[in-house]
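One-letter residues, chain by chain:
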Amino acid sequence: MKLKSVLFVMVIGLLLAACGPKPADTVVTQAVPAEPAATEAPAPQPPAEPSAPEMCMGAQPGDELTVMYVWSGAEEEKLNAIFKPLVDTCGIKIVAESTRDAAVVDTRVQSAPPDILFWPSTAPVDLYTDKLVPLDTVGAVAENYASYWVDLGTKNGKWLAVPVKADIKSIIWYSPAQFEAFGYKVPTTFEELDALVEKMVADGNVPWSMGMESGAATGWTGSDFIQDILLAQQGPEYVSKIISGEIPYNDAGVLQAYQTYYKWASDPKYTVGGAEGTLNTGFLDAIYKPFASPAEAMMVKQSGFAGGEIIKQFPNLVYGTDFDFFPFPGAKGMQGGADFMMVFGTSNATKAMVAYLTGPEGAANWAQVGFDLSPNKLAAGKYADAQLAKKGEALANAAGFTPDIGDTIPAPFGEAEWKAIIEVLQGGDIQTALDKAAQAQAEALR
Amino acid sequence: MLPTNIKRQGRLVPWLYLAPALVIMLIFIVFPIFNTISLSLKDKTSTRSAEASCVAGEPCWGALENYRYALTNPEMTQALRNNARWLMLMVPGTVIVGLLFALLADQVRYESLAKSIIFMPMAISFVGAGIIWRFVYHIESGGGEQIGILNALLVQLGASPVAFLSNPAINNYALMIVGVWLWAGFCMTVLSAAIKGLPTEVLEAARVDGANGWQLFWRVMLPMIAPTLLVVTTTMVINVLKIFDIVFVMTGGNFGTEVIANRMFKLIVTDTGRSMAIAVLLIVLTIPLVLFNMYRFRLQEVEE
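In the order they appear, the protein sequences are chains A and B. Mapping to this note's numbering: the first sequence position 167 is 167, numbers consecutive. Mapping to this note's numbering: the second sequence position 250 is 250, numbers consecutive.
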């Protein structure tokens, strides 16, 4: 009789278990819930003019525009500030959904695609080639972009993705005050950088702060660093050929870059905490170390966003004297990350947004708001922020441009690359690790 | 002989009552399973046969190519090996710890309070628990102070800090401890109910016959709660086979901690075929246990 109650508890238990760890649950947790109408279109409509402003491309007040992007919080606010002139003028209503999860995007694209998708790589171009709308048919202005940008977003002769936001990655952050105190000079060639690093070690200073812990994406900071070494040792064409698969990932040039990286990233004399520090330090924590007091390291190689993180952590530091950056010495080309705009819809509101962002008003406004850099040529000279202006200049002066390998190559290859870096730092043989990554590269690019 | 009222309603009516449940199960369980199986035979475009991803001169299993990946790829064999380790350590871990707590809680004054505290981790979302434990295991490199409680303790005791999550010699065990922490409360609750359900006459009779506590446990209690123990164990086996959250949140499958479900998740967008083959592999591994559990339940109903 009492067995009945036991049985009952067990059934409840089973039910509990059934509700247990299923991947699907986590997908939901990952996804930031839809934020309906992040930008509430202000009610005032354009006064009763017979013709709506030209920039609206025929969009009527109240028209809905569905967009999907990875940004949230402060970044989303900046984006909304950039959208504001268009939203105010045309009275369109933006329905935004923010997620970083590719699986969520995939589900939406297969069911009800957003009018516009902003994504930090061109991967959707390969995944949804047939669903995307060629940009020239919805009013995008190709002349405002350097040809390599257009090439990056072109597939099967159709222009499907245009960059709206860029951040340069081939830069090194340092403290001018520290450099001055020790008499270090900003290096301009890779040899100078190498010599500077050795000098720092000889002085008893730790040159680098590296940290690549980043949850499921652990490895990306190592990938960025190695790409900059490749850009210096081999040049941008070599990197492009790795991306396209013409050069296998276990090539001698890659091996050389890994050896340089391993020397810097695994020895406690060269980087904070040695290999263990590189593997376990969060990438944000690594940014802080050169600027802590006392400084734990002299330099950190990190993308443009690091400047904002430094200020957030140390609000008293001043850009230019306490912290500054220089382009990766000797890199024959700039590595960068970009967020691309891709279009699934053909409504008038969609066209208005595409024309706005690829045209002069959008470019100027993007630079004014200062949401990183705008790859739009017309943004030049419009930046309000000194840091951004310097970065924009560095991007414009770059001898060439390669996208971040990690952002461009198919995910299985990218994952294999990260695993190779981790394996090497854990003491594995470099050639063996690269052979495995090369196999994933061949498989992914087939 | 059926009772007359059941006879009167005929054969159709029971089906009518069953219909809503059946329809829901067909849509949300049966159809997805068949769809998954069919996708697992396709390549990453989900349109061509999986054979299309074969390379000349390399082993190929034809339409079952994705299963070749699921069973032979080094990443996958690592995941399979790790899942086996999880099974061997976490299942006994949760069941034994749960049983221990159930027995001990039976002896203390504030039983329900003690049990509530041990059950509490079940109330935390698994992702939350993963984040909590990331802090517990945190290691600070360089000169900074250790903020992870374990490493702070180690440093206080004069030892050097340990990279719990990235050292391949210990990281899998560090993750399993989190699993045991999360699930031991569940095992305790179920086993405690079983122990409470034991007829006191039998226990008293054993005591009168001169059995000591040890004998009482091994010779009397354990055989009597064996069916429950078995169900708890199989339930845990199913849970551990599907383990995902802890690994995804804490290491992302890096540093040699990959598990099956994490591979499935990583491949969902980039190579649906392979991801689905892994999903089918998981179903195949789980089904015998589910059937066994159902069989046990039916057996117990009969006994009653």
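Source of the hints: derived by calculation from the structure; they are not laboratory data. The reader is advised that the hints may include incorrect statements.
Just some of the chain B residues that point at chain A, by a computed CB distance under 7 angstroms [claimed, not checked]:
no., residue
1, Ile139
2, Ser160
3, Ala163
4, Gly252
5, Ile268
6, Val269
7, Thr272
Heads up, the beta-carbon is just placed ideally off N, CA and C, and yes, glycines get one too.
Status of the hints after comparison with the structure:
Annotation: B/Ile139 was flagged as interfacial toward chain A, and the flag holds, the nearest CB pair being 5 angstroms apart, inside 7 angstroms. Taken as an interface hint, B/Ser160 does not check out: its beta carbon lies about 10 angstroms from the nearest beta carbon of chain A, beyond 7 angstroms. The beta carbon of B/Ala163 is positioned within 7 angstroms of a beta carbon in chain A (closest approach about 5 angstroms), and the interface hint is therefore held. With a least beta-carbon distance of about 3 angstroms to chain A, the hint placing B/Gly252 at the interface is held under the 7 angstroms criterion.
Taking 7 angstroms as the C-beta contact cut-off toward chain A, the hint placing B/Ile268 at the interface holds, the least distance being around 5 angstroms. Because the beta carbon of B/Val269 sits about 5 angstroms from the nearest beta carbon in chain A, less than 7 angstroms, this interface hint is met. Interface hint status for B/Thr272: violated, as the beta-carbon distance to the closest one in chain A is roughly 9 angstroms, over 7 angstroms.
Hint compliance for this structure: hints 2, 7 are not met, and every other hint is.
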